[in-house]
Amino acid sequence: MASEGTTDKFRLGFLTAIEVPSKGFVGGLLVTNHFGRPLEFQCTNPVKPNRTQEILYGPTLQTYVLSELIGRTLIEKVGVKPNLVLIDDIQMLDLKNHVPTPIAQINEKEEQSDLVFSLKVGRQFLRLDVAHLADKTKITKGTSAIPTDANLNEPFERVREALTETLGAGVTRAA
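In terms of the numbering used here, the sequence shown has 69 at position 25, counting the first letter as 1, and numbering is strictly consecutive.
None of these hints come from the bench; they were simulated from the model.
Heads up, some of the hints might be wrong.
[Unchecked claim] With a cut-off of at most 30 Å between alpha-carbon atoms, the simulated DSSO-like pairs for lysine-lysine come out as follows: (1) K164 - K125; (2) K125 - K53; (3) K67 - K92; (4) K67 - K121; (5) K153 - K125; (6) K53 - K182; (7) K121 - K53; (8) K164 - K185.
[Unchecked claim] Computed Cβ-Cβ distance ranges for the label pairs, DEER-style: (9) E201 - L177: 28 to 36 Å; (10) S188 - R95: 43 to 51 Å; (11) K182 - E152: 22 to 30 Å; (12) I134 - T184: 16 to 24 Å; (13) P144 - E84: 16 to 24 Å; (14) G102 - K180: 29 to 37 Å; (15) N197 - V143: 20 to 28 Å; (16) Y108 - P144: 18 to 26 Å; (17) R167 - L100: 36 to 44 Å; (18) G212 - S188: 38 to 46 Å; (19) E84 - N197: 19 to 27 Å; (20) L100 - N77: 38 to 46 Å; (21) E112 - T184: 22 to 30 Å; (22) A175 - S66: 29 to 37 Å.
Remember, predicted model here, so these are calculated numbers, not experimental data.
C-beta: ideal position from N, C-alpha, C; glycine also.
Please model the entire structure based on the sequences and the hints provided.
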């Protein structure tokens with residue numbers, strides 16, 4: 045039997061949020077195996093900042109809501125813990141400062157800078173915060189099991205569709 049954390053047990057989390065007009069943001073986390081088959085799905089109730097929070101958080105409000113309130117809550121709540129959480133919104137990259145799980149943003153092109161580095165997985169690149177370089181080894185080992193033709197954007201569509209279905213009509217993707 046394989047030990048925890050080996051490639052046959054590698055689990056991906058796909059975390060995204062949609063904005064519900066007049067209700068705020070709703071987040072969803074889909075945990076899959078390395079082939080993209082669902083293992084667990086969790087979502088939040090709408091999170092709408094009040095006027096005082098809007099004033100106090102200013103331009104950092106959306107990052108706070110998406111990362112700390114929605115992202116951290118979902119990662120803590122999910123029973124099947126992902127080895128890597130993928131995000132599709134750069135504002136959620138701050139989530140890594142609040143959870144031990146490696147966090148990476150899906151990116152279509154390679155990007156290297158003083159702030160981020162990229163790692164090719166499937167057909168996409170993963171954008172990681174350089175402040176968390178220790179995660180690179182874990183990510184590289186686990187993602188080696190992901191098929192080279194994997195479309196890592198597709199599960200985000202499933203999450204958004206599931207959120208839309210759960211909430212009904214009238215939602216838009218988070219900006």
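Hints and how they fare:
no.: 1; hint: K164 - K125; in the structure: holds, 23 Å
no.: 2; hint: K125 - K53; in the structure: holds, 11 Å
no.: 3; hint: K67 - K92; in the structure: holds, 6 Å
no.: 4; hint: K67 - K121; in the structure: holds, 22 Å
no.: 5; hint: K153 - K125; in the structure: holds, 28 Å
no.: 6; hint: K53 - K182; in the structure: holds, 13 Å
no.: 7; hint: K121 - K53; in the structure: holds, 20 Å
no.: 8; hint: K164 - K185; in the structure: holds, 12 Å
no.: 9; hint: E201 - L177: 28 to 36 Å; in the structure: holds, 30 Å
no.: 10; hint: S188 - R95: 43 to 51 Å; in the structure: holds, 48 Å
no.: 11; hint: K182 - E152: 22 to 30 Å; in the structure: holds, 23 Å
no.: 12; hint: I134 - T184: 16 to 24 Å; in the structure: holds, 22 Å
no.: 13; hint: P144 - E84: 16 to 24 Å; in the structure: holds, 18 Å
no.: 14; hint: G102 - K180: 29 to 37 Å; in the structure: holds, 32 Å
no.: 15; hint: N197 - V143: 20 to 28 Å; in the structure: holds, 22 Å
no.: 16; hint: Y108 - P144: 18 to 26 Å; in the structure: holds, 19 Å
no.: 17; hint: R167 - L100: 36 to 44 Å; in the structure: holds, 41 Å
no.: 18; hint: G212 - S188: 38 to 46 Å; in the structure: holds, 40 Å
no.: 19; hint: E84 - N197: 19 to 27 Å; in the structure: holds, 20 Å
no.: 20; hint: L100 - N77: 38 to 46 Å; in the structure: holds, 41 Å
no.: 21; hint: E112 - T184: 22 to 30 Å; in the structure: holds, 27 Å
no.: 22; hint: A175 - S66: 29 to 37 Å; in the structure: holds, 36 Å
Hint check: no violations occur; every hint is consistent with the structure.
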